[in-house]
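With the hints in hand, could you dock these two chains into one complex?
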Amino acid sequence: MIALLLVVLPLAAGVGLLGAGRAVNRIAAPVAVAAAVGSVVLAAIGAATRPAVSVPLFAGSPAGLRIDGLSAVLALTVAAVTLAVLVYAAGELSADPGRWRFFGLLLVFAGAMLVTVTATTLPALLAAWEVMGATSYALIGFWHADLDRVRGGEVAFLTTRTADVGLYLAAGGAVAAGVPGLRLAGLAAAPGGWRDLVAAGVVLAALGKSAQLPFSFWLSRAMASPSPVSALLHSASMVAAGGYLLLRLHPLLAATSWAAPLVAWLGAATALVLGAVAVAQRDLKQLLAASTCAQLGYLVLAAGVSTVAGGAQQFVAHAATKSLLFLCAGAWLTGLGTKQLPGLAGAARRYPLVGVVFTVGAVSLAGVPPLSIWAAKDEIVTGASTPLYAVGLAATLLGAAYAGKAVAAVWRRGPGDRAYREQPAAPVTRSMRAALVPLAAGAAGLATLSLPPVAAAWRRLLGVPGEAGPTAAELVLSGAIAAAAFAGVVALQGVSSRRARSSPAGPPTRRARSFPGGPPTRPAPAAAGGRGQPRGAVTSGARPGGSVAAANRMLVDWLWLERAAVLLVARPVLRLARALATVDDRLVDGGVRAAARSAAVLSTVAGAVVELRVDTAVRSLAAGVRRLGAWARLPQTGQLHQYYAQALVGLAVLIVLLIVFGSR
Amino acid sequence: MLLSLVVFWPLLVGLGVLAVPRLPDRAVRWLWVAASAVDLALVVGIWIGYPGRGIGYETNLRWIPSVGVGYHVGVDGLSLPLLAMTAVLFLACAIYSLRQRTRVRGFAALFLFLETVSLGLFVSLDLILFFVFFDLSIVGMYFVIAGWGHGDRQRSALKFFLYTFLGSLALLLGFIGLYLSGTPHTFDMVALTHAHPLTGLGGTLALLAIGLGLAIKTPTVPFHTWLPPAHTDAPAAGSAILAGVLLKMGTYGFVRIAMPMLPDTWRRYALVAVVVGVVSVVYGALVALAQRDFKRMIAYTSVNHMGYVLLAIGAAGLLGSGAAARSLAVTGAVTQMVSHGLITGALFLLSGVLYERGGTYTMDAYGGLASRTPRFALLTAAAAFASLGLPGFSGFVAEFQVFAGSLGPVPVATAIAVLGILLTAALFLAALRRIFLGGYRAPGGATVSDLTVVEAVAIAPLMLLALLIGVLPRFLLDLIEPAARTAAELVAR
Chain A
1 MIALLLVVLP LAAGVGLLGA GRAVNRIAAP VAVAAAVGSV VLAAIGAATR PAVSVPLFAG
61 SPAGLRIDGL SAVLALTVAA VTLAVLVYAA GELSADPGRW RFFGLLLVFA GAMLVTVTAT
121 TLPALLAAWE VMGATSYALI GFWHADLDRV RGGEVAFLTT RTADVGLYLA AGGAVAAGVP
181 GLRLAGLAAA PGGWRDLVAA GVVLAALGKS AQLPFSFWLS RAMASPSPVS ALLHSASMVA
241 AGGYLLLRLH PLLAATSWAA PLVAWLGAAT ALVLGAVAVA QRDLKQLLAA STCAQLGYLV
301 LAAGVSTVAG GAQQFVAHAA TKSLLFLCAG AWLTGLGTKQ LPGLAGAARR YPLVGVVFTV
361 GAVSLAGVPP LSIWAAKDEI VTGASTPLYA VGLAATLLGA AYAGKAVAAV WRRGPGDRAY
421 REQPAAPVTR SMRAALVPLA AGAAGLATLS LPPVAAAWRR LLGVPGEAGP TAAELVLSGA
481 IAAAAFAGVV ALQGVSSRRA RSSPAGPPTR RARSFPGGPP TRPAPAAAGG RGQPRGAVTS
541 GARPGGSVAA ANRMLVDWLW LERAAVLLVA RPVLRLARAL ATVDDRLVDG GVRAAARSAA
601 VLSTVAGAVV ELRVDTAVRS LAAGVRRLGA WARLPQTGQL HQYYAQALVG LAVLIVLLIV
661 FGSR
Chain L
1 MLLSLVVFWP LLVGLGVLAV PRLPDRAVRW LWVAASAVDL ALVVGIWIGY PGRGIGYETN
61 LRWIPSVGVG YHVGVDGLSL PLLAMTAVLF LACAIYSLRQ RTRVRGFAAL FLFLETVSLG
121 LFVSLDLILF FVFFDLSIVG MYFVIAGWGH GDRQRSALKF FLYTFLGSLA LLLGFIGLYL
181 SGTPHTFDMV ALTHAHPLTG LGGTLALLAI GLGLAIKTPT VPFHTWLPPA HTDAPAAGSA
241 ILAGVLLKMG TYGFVRIAMP MLPDTWRRYA LVAVVVGVVS VVYGALVALA QRDFKRMIAY
301 TSVNHMGYVL LAIGAAGLLG SGAAARSLAV TGAVTQMVSH GLITGALFLL SGVLYERGGT
361 YTMDAYGGLA SRTPRFALLT AAAAFASLGL PGFSGFVAEF QVFAGSLGPV PVATAIAVLG
421 ILLTAALFLA ALRRIFLGGY RAPGGATVSD LTVVEAVAIA PLMLLALLIG VLPRFLLDLI
481 EPAARTAAEL VAR
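As you go down the protein sequences, you meet chains A and L in turn.
Letter by letter, the first sequence follows residues 1 to 664 in the UniProt record's numbering.
Letter by letter, the second sequence follows residues 1 to 493 in the UniProt record's numbering.
Chain L extracted, bound-state conformation (with noise of 0.2 Å):
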């Protein structure tokens, strides 16, 4: 029951907060702060709870039973170190929200409810509850962009909702696909992992629907482009959600349905899975590095870090290499949307302290700020520096666990895949010439002010853990380790 406080404790706040007539904006924030603060004191509790392997916190209720839909949750490995990310990741959005003065109540209880369901879709052990949260947090974004975003918000709110909520049929079709194969028909992940009946044609057609879902939703080359625009426009701590939970989303999807539930399928064409993450990883680097705008280069990135996790499961599924590669593969792809979460959520963040000061994202407009705003500077060059891989912050851990794990079954494509490190290099070293080296220009003639300290203690935190992941993996790679296995092994049967 642990497990359903930390999924529905923030909507159970944020319902107070609606209800609770005339409180205060001041009120509102703090309450905000400190919900998601036990939030993540009660993930911390269940990190250091869990035994280790298998599953843990495990609740299986009835809920729809005529369709074989039940309440079943649970947390292994591979959710854990998600659940916690999105816990971090939500606590320092609501610090960074802090200074938010328009709506503060409906924008507190939106992130609150999008909290609950960006968690409660990492501990789904059942298809349709994993469909259901998946599908709110389309709803939840949608409000987020449409009412408290910028620019033409309208228009990209309506895009990343149509867009997304197409994928999310098409997932649909798919469940519905492995429920239809089960005997008994059932959507419990646990027994479809277990029995994995669909082959053949029907596989084949479940893994394009689930796989086109997915694919919009991580997102992968060619169904990106919703993703520009939503970030473009979004709120900073919505881009920061979008990018480091919701992303997440998809990949998660990938490792925990697509590749334990349809093995033979997956290893069939595991080939295409790889190609669309390379395709991803290079094209994606590329399109950034020709983007002026800071927010919408990030935006790009993310598609390319994104890739590198494609490229690894797809890697997995091909049964050339031993099966520590393979492990190593999956488990770098698992590292690596933690990493990215706290990497991209950080530097979406700081996007948003650009925005806030000058009133654009055109890195043009900017220049030297590195002169007046030393603390801004500093910790966008260590987001960005982080992104791009640079060892002694997670990132690193990810891709070389996705590379090294990669280049035996596929050594060209790996091979290719790399060439996106460098290109994330170039990429990040010209936007931070552009915004903070040289001589200081500002929008306007406006005069920059540093990071305060509510920004700092909001952003400062995520890139101290990419540190501390960077520097000592082994307590979250220890999680990830045995449940990488098993998710190597399952592909594998």
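If we strip away everything but chain A, and leave its shape as in the complex, we get (with noise of 0.2 Å):
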């Protein structure tokens, strides 16, 4: 009964404020922070009470839901991130008269999201997985008279659908194989053809829904989103379920002899390849969005190396890191109406509390001790074959790098500017700063998690009690290079700031003092993403040109990976959709017209031609009749003599006839 109350409660009520339209715009943020308060208080019930429920669904398959150590994990943090996003969101958007539609949209997602994770049957997981999809098309494109976030919701929905029909399919194998239930936990014991067939399509499903490589590029899309909404859609739900489904389905992966190695090498490759891109980004909503793909690689390589443990940490420490960091950069895009990196000089003075919390959130995010992500990290490596741990590490090093870059970007001193200090910034509200600090607290302290006498509760809880914890030198190492990393790309950010600013003439001293906020120029419309910006380099340093910027460039457009989509898949589809239209029309209608054409054209040939020659034929075969009765009746004279003479001729004939043939 918990379990269901526990995705009804926010699921209902979404949707009742979604029906209920603009009539309870007043309403809404009261009601969805109290829904969500709700699923907070179910969800440690649930965790502590472990209850399952299974409603009838489809003949032989019910849809069933059941918190286990991993759910009780899950539902929690999902609960608790939609809980602070919406007490921010409540804030931020306090005026806005689409609050009916933005709360209940992000409760119904959050529901979803707490179904996939509570869900022991593929067709109630698929369900919540494409609805999950769909709000999420709805939220992106929240603001949707600017059309630009429109296509950004398109596609995010249309490219994780596309993955998502791999879970179709693997529906559809369970079935065939005969799984029984269709249950979540008998997939792994499928027949061979089937088994493969059921983990390719949870692999590709899962590797949409986390925005992994070679599907990343729709979360780019995906930041023309409020800032809440990329709060919860890039931590605790939709990206991150991409992850928990591999985790869970993990005795699948490893059942075949390819899905586990395959799944933990795209995962580090997307940590090592999207650290790279998130490094070149210069705004810092794109910056943020490159991370989550890399740090959901990480939770990808777990799934794929079988280290439920540290996949739930990493899970939990990012779900409370990047909510946190997001909710910074849109508390800054408020306020300053920018979120180019080099817009955001001083933001952190500007406002220092966002600065401090965002701060900590970086560093974890970092991957520096003793922060939350750098233990959940270390935790899945450890369990990674050599070369994987390799990559693990030199990821890492990225992750020091880009987030260094962040918090470089935001502490830097602004040479302010006049147009821009006239404006007064908006303020941190109280709610949302409700909603920031107990963020940080997570994203500081859930490292603990690692602690000897925690980790091995954690493990009990997550039922793998057998599952090896890093050593203290792979902690140290990794720590010792983030922090060395992160530390490095600070100074030099700051050293090469510093240089930029003292390049320009003028008085920087009085600029400094009297505002230093300022960021250069005010980039106006948020709306315009990330995207329309100009391309520009990593760093303001000189750089050699050719390859380099090549390079530089592709990685700031995330690797060309929607121009490659677009170019390979929508337009090719698009142009066959057309070009069978035409077909349509011209050929398979034409085909019925030219039929129906046909007939007419017969129908006339019939009336003019052939009904005319059946009629002349038989007007001459009456003509014809009637000359042979004037033929016939030419010999009846009425004369006896004429008569004989007729009997002579007739006889004559006879005679020579009977000569002729009656010789044989």
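Watch out, some of these pointers could steer you wrong.
Said to hold, decoys possible - Selected chain L positions facing chain A (Cβ under 7 Å, derived; list incomplete):
(1) Ala37
(2) Leu286
(3) Phe403
(4) Leu407
(5) Val412
(6) Ala425
(7) Ala426
Hints listed in this document are in silico derivations from the structure and should not be mistaken for laboratory results.
Think of the CB as a built atom: it goes at the ideal place given N, C-alpha and C, for glycine as much as any other residue.
In structure tokens:
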């Protein structure tokens, strides 16, 4: 009952808000926050009582929900982050005319994620999975007057749904294989070929949802969403769902010979490559988005190497860290009107609280000890083979670099700008603060999960008491690498920005004093997103041209993945559609029209030609018969002597015939 | 007799409407709504009273005994959901038509006639009775399009009539083949299903004729080209009935007649149904994707959605899969018929609202309506997402079962068909963007007003039902599953 209530509460509240429309704008935020509080409480009760429920759905496959150790951790995380995000959004969107829609959709979105992490059967999982994708579309395109945002939502939904096809196929494979009740736990035992199909489908769906290579680009477009949406979508839901699914089904991956290594390597590759992409970004939200792909790469890697404890820890640590960072970015976006890194110079000084918690989050993201992601990552890579471990370390290095870059950017003293200075900065409201501080505490403190006694309890909770943790040496090594890289990047960026500042003429001192937080310009439309901005260099330092510049452009533009998808998939499909529409009009319907025309022609022919001929023939026949009749009347003269003469002629003919033919 | 009352009640009211002289239009409109509501209430009563399996409410009277034709009617788990969906949709159309102003009496009488014909077809247990209703539906819809349509309505109506009438002739040929094969000769469906006497070449020819007739009505590729013009030029309520109810006559015929009466032949040619289904799914969705006209686009998505039905019943004829999977596929097919009726009915009524406001279906003539018409936008978005198979709506319940049940026997075909949900997602998102999102734009700078109460009351219940089936499908599946299991067993004989 608790399990059912846990998911029904946010879903019902959300659908209720959506159904009620504008009339409930005033109470939308309070209702949503209340529902989220209820979810947190229910998730906590569920974690303690471990309920399970099964509702009949299809013949032979119910919709099952169960809160086991892993689900308890994840459900609690999802509920808590949702609550924080809703509290923040209540402040940021306090005057938006579409609150009913925003809070309604956000609740449905969170409810779908809760179903996803508690589902025990494929149909229930798939249903929630798809609802999450569709609501993400509506949330990303929330400000729908701006078509760029709408398109961002479309890209997100279509890309993830492309991958979702895998889950439909997996469900079909599970039915064909006779997996009892289509239970997730039974998938690993499916026979041979069907098991491979199921695993392939699951991997495809999870990679798409988690924005792993090659699907990463949709997450870049998803940045058009309001910041609270980004904060939820990128942390505890949607993108994290893919990693969760793989973690949940790691026995299935391990049961095939290929899926586990494939997943591990794809996760590691995403961590590395998207880490580089993140380093190259000039837009804070884009940087954070790429870092999401990279950090979730570790989660996917965890599933590939079957370290459930590490994976769950990464899920939780990343959820707290990333939601915090996105909310900070959102606060600056609202307050300063920009999310461009150069434009954010001094942002942390102007909003000290936001600056401090942002730094906490970024340090965690960097993998610097003793914060949460540092410990989680090591829990994961410790289970990996040496090459994977090396890739993981390299990705850690990049993680420290992009986190350092972001921190340096927001603490840097800006040159200031008169026009900007005159605009008042939007204040950080109390509700925003109420959301940021607990998340920062989570981002900082969750590393305690790796302390030996806690770690043992954590493993028992997740039902994997035997999993090994990282050694002290590994922890020290990765921590040292991250800390050194982070410090190095911050220092370097500081130097380069000082150099950049000293170059333009003018008195910097007065401006810096009077307005430390001023970005050089105020890029007007927050709406433009990162994509409309000119692609720039990684740092302001000099760079060699040619291939390095090209590589950099490629990284800034997310490896041109979206371009490739448009070029290789979207455009050919559209072209094919147009061609088929023409074929349909001209050829298929043309055939029908031709058949109809030919019937008309046939009838004309029948009417004008055949009918006439037949009639003529009939008439000529009649005329012939008439003439024959006339001829037949000729001998009938009524004169007896003429009849005798006729009989004589006839007799003569008969005799001649007899002579000719009778002699045989 | 209750069932016969349900069937002929609308016709009686329709005749009454025509018979009473100088009935004011307003009274006619409300009488129509009341008559449809009563009929729906009766159908709900029949649903509640239905025993759960087998044929219920059966009536078998002599009609033309010299050629073995009887008035044989009854309902089971295949027909009752469609009966209910038909009654719901006709009521929605009656309410929607409360704003009808031109020649109301004829319009109402024609729809009441069509309601009798549609309900009659689904309860028919005699081939000739089925055929009579099948043909009368074509006649009724011809007059709806030709009389109350717009655009090039005469031509579209004639095309619709000739094309589908040709199909019905093929159907009749097949029925006669079935009649001649039985001993004693009979048109009784129950007897023919029980005996399934026709096999070999005769069976092939009969299936060819019946399949052709039903494929035109459904319609499947390549017999679908009557559909877009008929829909584009029909009045909104006519489109809703055409797509929601009349198309189901084709797919229902497959499940009710072709599969169980010709099981050997069906199994032999099941792959043909699968291929036709998959081609309809992908081709219909692709052509819909290229449309600029909202109503025409929805018409093509019907081809796509009916393709799933063909895929499922084709897969159910391939015995490689287990009985459970085949029953799942047939359940999905029947659910899809109900679901498509509700959702596409709603979409066509919504397109009628669009046309009423702007005078055109061209999507690019509009833009950003969501900012001015939140109710209209919300309902259209809900219908669009339901149509693209979003879980939580009935379409997902149907399509999930179709895919899950079909993948075992025909994995490649099903994998291709699943791509259909991607294409429909793409086309509905594009349609929503063009009409409702972005900056505000309306034809001729007109101000587009939001849904009126009447429009909302007509359309919203359809979406609520789709939502109900999507969230709590058991009340429907409990009815369909036993019948679907029986159908799957019949084809496996």
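These are the hints, each one checked on the structure:
Annotation: alanine 37 of chain L was flagged as interfacial toward chain A, and the flag is violated, the nearest CB pair being 24 Å apart, outside 7 Å. For leucine 286 of chain L, the suggested interface contact is upheld, since its CB lies about 4 Å from the closest CB of chain A, less than 7 Å. Look at phenylalanine 403 of chain L: its Cβ gets to within about 5 Å of chain A, closer than 7 Å, so that hint holds up. Interface hint at leucine 407 of chain L: satisfied, since its Cβ lies 3 Å from the closest Cβ of chain A, which is below the 7 Å cut-off.
Annotation: interface hint on valine 412 of chain L violated; nearest CB of chain A at approximately 11 Å, more than 7 Å. Interface restraint check for alanine 425 of chain L: the shortest CB-CB distance to chain A comes to about 5 Å, inside 7 Å, so the restraint holds. Interface hint status for alanine 426 of chain L: upheld, as the beta-carbon distance to the closest one in chain A is roughly 6 Å, under 7 Å.
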